[in-house]
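Its first residue numbered 1, the sequence shown is counted upward by one per residue in full-length UniProt numbering.
To be clear, the hints were calculated from the coordinates, so they are not data collected in a lab. As the structure is a prediction and not an experimental result, all values here were calculated from the model. Ideal Cβ placement from N, Cα and C applies to all residues, glycine included. Check each hint, because a few of them may be wrong.
Label-pair ranges, simulated between beta-carbon atoms [what the hints assert, rightly or not]:
{"hint": "1", "residue 1": "Leu80", "residue 2": "Tyr49", "range": "16 to 24 angstroms"}
{"hint": "2", "residue 1": "Leu80", "residue 2": "Ile13", "range": "18 to 26 angstroms"}
{"hint": "3", "residue 1": "Asp5", "residue 2": "Leu85", "range": "14 to 22 angstroms"}
{"hint": "4", "residue 1": "Ser57", "residue 2": "Ile18", "range": "24 to 32 angstroms"}
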Amino acid sequence: MPNPDPQTCEVKIGCAWIAVSLDEAASQHIMAVKRCPACNGRVALNGTYSGPSVRRSLYHRKARNGCPLKPDTYTGQPSLHPQALT
Numbered sequence: 001m002p003n004p005d006p007q008t009c010e011v012k013i014g015c016a017w018i019a020v021s022l023d024e025a026a027s028q029h030i031m032a033v034k035r036c037p038a039c040n041g042r043v044a045l046n047g048t049y050s051g052p053s054v055r056r057s058l059y060h061r062k063a064r065n066g067c068p069l070k071p072d073t074y075t076g077q078p079s080l081h082p083q084a085l086t
């Protein structure tokens with residue numbers, strides 16, 4: 001399993017999954033289905049607003065322990081999400 005950038009996600013455009021930054025996903029692909037680049041589980045975006053800057057993060061819609069992008073619950077054994085989007 002590759003070591004993905006935690007500041008990216010994949011958005012479904014047509015029949016293809018395209019890796020984009022979280023900022024681009026939130027501004028240009030608002031309604032697109034988004035998935036985790038590590039485990040392919042469905043994700044949504046959060047934003048923390050502090051003055052003029054925005055800090056974005058992704059969160060899994062269904063929690064699990066096999067995704068390396070979730071260090072608080074990750075068990076050390078990477079695996080695809082049981083409901084992985086293809």
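Hint by hint, here is what the structure shows:
1. A C-beta distance of roughly 33 angstroms is found between Leu80 and Tyr49, which places it outside the suggested range of 16 to 24 angstroms.
2. In this structure the hint that Leu80 and Ile13 lie 18 to 26 angstroms apart at CB holds, the actual value being about 21 angstroms.
3. For Asp5 and Leu85, the hinted distance range of 14 to 22 angstroms is satisfied, since their beta carbons lie about 18 angstroms from each other.
4. The supplied range of 24 to 32 angstroms is broken by Ser57 and Ile18, whose beta-carbon atoms lie about 19 angstroms from each other.
Figure legend: structure checked against the earlier numbered hints; hints not met, in rising order: 1, 4.
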